[in-house]
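Novice: What follows is the residue order along each chain.
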Amino acid sequence: MIPIEVFRSILERPDPALLEKMTKEATRLTRQFFGRQIALYTPLYLDNHCDGGCTYCGFNRNRDIERIKLTSEQIATEMEIIAGWGIDHILLLTGESPQSAPISYLLAAVQLAHRFFSAVSLEVYPLEEDGYRQLVRAGADGVALYQETYDRTRYRHLHPCGQKADFDYRYRAPERMAHAGMRRLTLGVLLGLTDPAADLHALFSHLEALQYDFPGIEYQLAFPRLQPLAEDKPAFAAVSDRQLLSAIALARLLFPRVAISLSTREPAAIRDLALESAVTCISAGSRTDVGGYATAAMAPVQFAVRDRRSVVEIVDMLKVRGFNPAYTDWRSLGDYDE
Amino acid sequence: MTQDDVLVIAGRSIRNRFFLGTGKFSSRELVGEAIRAAGIEVVTVALRRIEPERRSESILHQIPAGVVRLVNTSGARDAQEALRLARLARATGLGDWIKVEVVDDSKYLLPDNDETVRATELLTADGFVVLPYIFPDLYIARRLQRAGAAALMPLGSPIGSNQGLQTREFIRILIAETGLPVIVDAGLGAPSQAAESMEMGAAAVLANTAVATAADPVQMARAFSLAVAAGRAARLAGLPPPGLPSASSPMSGFLTQP
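Read top to bottom, the protein sequences are chains A and B.
Residues in the first sequence are numbered from 1 upward in steps of one, following my numbering.
Residues in the second sequence are numbered from 1001 upward in steps of one, following my numbering.
The hints are simulated quantities; they were obtained by calculation from the structure and are not laboratory data.
Don't take every hint at face value.
Distance ranges between label pairs, derived from CB positions [claimed, not checked]:
| hint | chain 1 | residue 1 | chain 2 | residue 2 | range |
| --- | --- | --- | --- | --- | --- |
| 1 | A | 14 | B | 1238 | 57 to 67 Å |
| 2 | A | 21 | B | 1054 | 28 to 38 Å |
| 3 | B | 1192 | A | 130 | 31 to 41 Å |
Okay, derived cross-link-like pairs now, DSS-like style, lysine-lysine, Cα gap no bigger than 25 Å in a straight line [said to hold, decoys possible]:
| hint | chain 1 | residue 1 | chain 2 | residue 2 |
| --- | --- | --- | --- | --- |
| 4 | B | 1107 | A | 24 |
| 5 | A | 319 | A | 24 |
| 6 | A | 319 | B | 1107 |
For each residue, glycine too, the CB sits at the ideal point set by N, CA and C.
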């Protein structure tokens, strides 16, 4: 990996001419390897029970919020709505609670999802290798797991309890996924928890090591940026729009063929800009409250959705800007079991 | 070039020797336009990446009737996965023409030649028309020929790299030493490289990135098609051997006679 000083200079002492050059090269590489196709997916929150005490998160166990876990009927209702929008790739999410959302619950959700979608990914607490293997067999193609921060001291401070307190168990999870045969891994840090230059350097080094050890996996990077809950603001390092876009461009330069996603945590203007340079995968129509698609109720959210465009609006935007929205992107091989 | 110059694969006569990949385009409609404008007769589609035909936005609706849909198994990491994909292609009415693509490297997308041979054996036994995508290796090519491959699809350079014929000398060997049609696939970044492939004796050329990511993909599809035809015509015409210019006159022959 290139030295951390380069990250630091790009993020902290940016030279406008260099950034312009970086963005141009990132755009060129993205078009070369991904063309103008943009993959679409929608997240579905299944359960907001959580054992974690992540001080920055809306689902933190210490927060006095309504806890909801969807039944299989409710999950099917949510899925039917999302599939009705034309979405073909679903991302299933839970809080960090193996007690509330055990493997059996995840397996049932994955199997159910295959009635509606050709690709199913998960963003759940880290599992044992065998857990991942069961998910693969049930038809899961991908897992997103963010280390949040690679700074161990900061990590310990921010994640005081639950399974999530174990840095190494989380850090080694991608290896367990790879051994279990998971096809697509999404890595990321939660930008804003600590020094972004150090975290991005560690993240990219982690990805580089995984690519070396497990070359067959399809890797993806995500760039979630913390929106601190009002009372927490002073505790976190704000990452500016410019820093975020520079980080994304840098990722493309270092990993030309790796897919990059940007969620609805970001406002429409930022997502649209990032699509031009490096982002190849976006969510659409997202709700981050459990049961939100069917009820449209004001249930607690994990983070506020800032890009509130519907799937139709996102698809229209893509077409107007000369992008080709891809609904089916690496359809699950699990579909083809005879 | 005469009208009789056709490439025959599995009993199917193909006149336009430029095959087009359908990924990376800025819209599905543009794929259809490029196919029509360039008179494309064979296109590749990635089974795992296309919307099924029942969906209105499926790329399959853009492919005119009569165009061969060569289904690639991209996303398969081993022979068994390639077989499952091929069977699904057949079951969903996409036909029997399969470009076997077995890749277990996400950085360079280089094909796994061993698994490709295995996949070819499995697929030909199941009655598929198999065109394996390979790194150009003579021993692998011979094994594929024995396994019943309908053609060979060696890469010119890594997929999407636009680096041209980096494997030129090895592709020459495949052309000289196997009886199979050799279709240069992957890495070609310009029509001139396609023409060169045909001059070398390739039976056809496949490109995607160079067309789909051009400023005007429809015109670029035509340009590739023309270059492939020109290269083919040159091959048939018999290219003069390269070398230093030498004087030739009516006297030359006379002087050397005994």
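Novice: Give a verdict on every hint.
Specialist: Evaluated hints:
no. : hint                       : verdict
1   : A:14 x B:1238: 57 to 67 Å  : holds, 59 Å
2   : A:21 x B:1054: 28 to 38 Å  : violated, 45 Å
3   : B:1192 x A:130: 31 to 41 Å : violated, 54 Å
4   : B:1107 x A:24              : holds, 21 Å
5   : A:319 x A:24               : holds, 22 Å
6   : A:319 x B:1107             : violated, 29 Å
Hints 2, 3 and 6, counting from the list given before, are not met by this structure.
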